[in-house]
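Q: Quick mapping for you: the protein sequence lines, in order, are chains A and B. Heads up: the first sequence at position 394 corresponds to 428 in my numbering, and the numbers run straight through without jumps. Heads up: the second sequence at position 26 corresponds to 266 in my numbering, and the numbers run straight through without jumps.
By construction, these hints were calculated from the structure, which means they are not laboratory data. The reader is advised that the hints may include incorrect statements.
Claimed, not checked - Residues of chain B clear of chain A, computed beta-carbon distances all greater than 10 Å:
| id | residue |
| --- | --- |
| 1 | Thr242 |
| 2 | Ala259 |
| 3 | Thr278 |
| 4 | Glu279 |
| 5 | Val291 |
| 6 | Gly324 |
Unchecked claim - BS3-like mimics (lysine-lysine), calculated; alpha carbons at most 27 Å apart, straight line:
| id | chain 1 | residue 1 | chain 2 | residue 2 |
| --- | --- | --- | --- | --- |
| 7 | A | Lys512 | B | Lys312 |
| 8 | A | Lys579 | A | Lys562 |
| 9 | B | Lys312 | B | Lys254 |
| 10 | A | Lys511 | A | Lys282 |
| 11 | B | Lys292 | A | Lys71 |
| 12 | A | Lys71 | B | Lys254 |
| 13 | A | Lys71 | A | Lys209 |
| 14 | A | Lys511 | B | Lys292 |
| 15 | A | Lys257 | A | Lys512 |
| 16 | A | Lys257 | A | Lys71 |
Positions of the beta carbon are idealized from the N, C-alpha and C atoms, including for glycine.
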Amino acid sequence: MYRYDEFDSGFVAQRVAEFRDQVDRRLSGALDEEQFKPLRLMNGVYLQLHAYMLRIAVPYGTLSSRQMRKLAFIARRYDRGYGHFTTRQNLQFNWPALADCPDILSELASVEMHAIQTSGNCIRNVTADHFAGAAADEIEDPRPYAEILRQWSSLNPEYSYLPRKFKIALTGAAKDRAAIQVHDIGYQLVRNDAGEVGFAVYVGGGQGRTPLIAHRIRDFLPKADLLAYTNAILRIYNLEGRRDNKYKARIKILVHEKGVDAIRSAVEADFAAHRDEELRLPEAELARIQAYFAPPPLSLRPAQSASVAARMAQDAAFARFVDRNVAPHKVPGHGIVTISLKPIGGIPGDASAEDMEVIADLAETYSHDEIRVSHEQNLVLPHVALDDLPALYERLAAQGLATANAGLVTDIIACPGLDYCALATARSIPVAQRISERFGAPERAAEIGALTVNISGCINACGHHHVGHIGILGLDKKGVESYQITLGGAADETCSLGELTGPGFSTDEIVDAIETVVDTYLKVRTHKDEDFLTAYRRVGIVPFKEALYGRS
Amino acid sequence: MTKVITANRLTDGKVVYIAPGEGWVEAIAEARLFEGDTEAEAAMASARAYVKRNVVVDPFLVEVAVSAEGPKAQTLRNAIRAAGPTIAYHGRGVTEKI
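So here's chain B without its partners, still in its complex pose:
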């Protein structure tokens, strides 16, 4: 199963994903994809290093299905984390159907 690594950014709490190069990105579409558990676990060690450096908090692995539209989180909770609330809150339209 393909995975991405997510966390919340320390300064503003925003949901971020480990990027293919250095650092973190906000869009799951731009996240680095990890194939297989070994690679993912090794990357988690790197994510924990970012925690120690006070860049992010609470990193964890998210299973995704990859299609032409990009990676899609497999649980509703992680899909909502990736796309934002599914409701049209003040000043914002509804997120694409999850």
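One chain only, chain A, in its complex shape:
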């Protein structure tokens, strides 16, 4: 893992001291709310419906056990004993007092964490494939590049007041687990015809009220040019992005309005003019950062585990867990374990302090001290020996953390919605809970197969509804919650935006409507291996519309 050097530590400590002074001045009245609000937002402190909310960055979704224990400590000491993992690999506390926030940030700094740039019109937490450094299908670990981008973008004065927020995601594999095509910039590590590794560059994706899929503006960018090219994109955006209308201020709108060819030309021209200036990555510096992400010393093991096979043969629940929640590791005899934060009927992404501590212990024992946060709001142990799966499973099950539903209909992404969020127009979590309960029987969820249900409580789309195979958008219709359904969205390398089925459904109707959609899929699929998205792309929306609204 990356470790702070003296510069990093001093930088974060100085920032905590600065914010402590700002909070003191706010509480004493030396600053009024108008003056203070942008300062607190720059430190991740929002004011939501019931309380302040603190959003903490988990850079590229990577946590150590020590860091996770600190989050558990903060949850207990300063909050209400739990935290919420978000769709941008962050952690949110829902109840901190403003007066405590400097102490919380100080605690975070002690484990090399912070909340800088988790809000505001700046470059936000850089996210990455949660299987990075472990996935069998990976070309190269994208996290060193994410770390380089993080260092370069942190408090970068040129990009502290962009037209709007700016989100970057990276993946090291052809399989996109980081939703790069719905980010402002998406970088995918690729190999060119000469066998060199570099980046394919995607620009102008995003969700929100105007969902747009990113355009691939460059097929191959040499690694050394990562910052120079990112800088070129940001310079064009900073100059030409709209500042007159916050709803048209994201780079996706600029790309959409000017056209991808014009943007590509502008970026390439700026890149060509400045390529060989100070932002070219020196090989030695790249190697220094990469050394922090060196793979753990995993012992050589047989590709198959006899003890796992034996247990699977006699324990159906364990077999389901291995089938759903264990992904292939690049080192034979190891697996990547998804710890679902979606217990049946639970709150997607919530983890109690006890959960965090158990997971920290398990990461230390079984996963070389590493934990990942996924944008699907789950946690991941990336380096587990297959032979350890039975013991790991037992301990997860004892804590209620062994739900075997990764990628199934009950693995629902949901934003906090109107239960917490000041922007929301409808509740998300109770809908997620009821859908989870409806499809909670493991046999039924297994029969349905791979299916993502994503729920947002307003058009800002934090719950990624546009890219759910089934998306649900909660709106306020004359004072009553109403839920629209979109179908056919995907956040992976086949990225697509869901299509609206028609008029919305009431809170009483929405779960039945989702069941109608699922039942329709089961009827139209050619065989069990044709998953929801494949079947939808083959038959289109009509059979689903007819099932939901009748034939017109």
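Given the coordinates of chain A, work out where chain B should sit on it, guided by the hints.
A: Structure of chain B alone, referenced to chain A:
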């Protein structure tokens, strides 16, 4: 329409309501009720004075229906603000049905 005045307390962000006497209370049941727009607007001036004194932030008026059970906010958003999340989050039961 009867109204109450709500805000978030500066120090901890908690939802508070203008009390019948001085200051603010956390329970909407204990909030001061304002009948008619004139009285409510006059009270908003007092709420803004609390903002200036750095006691609360973002005060606003909330329409309520008053029954034997006390004042009840008329929009879902304000009802959730008054009662807390409608879900059984960690360590807490479900709020009474809103």
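Q: Which numbered conditions among the earlier hints are violated in the structure presented, ordered from lowest to highest?
A: The structure breaks hints 5, 6, 13, 14, 15 and 16; every other hint is satisfied.
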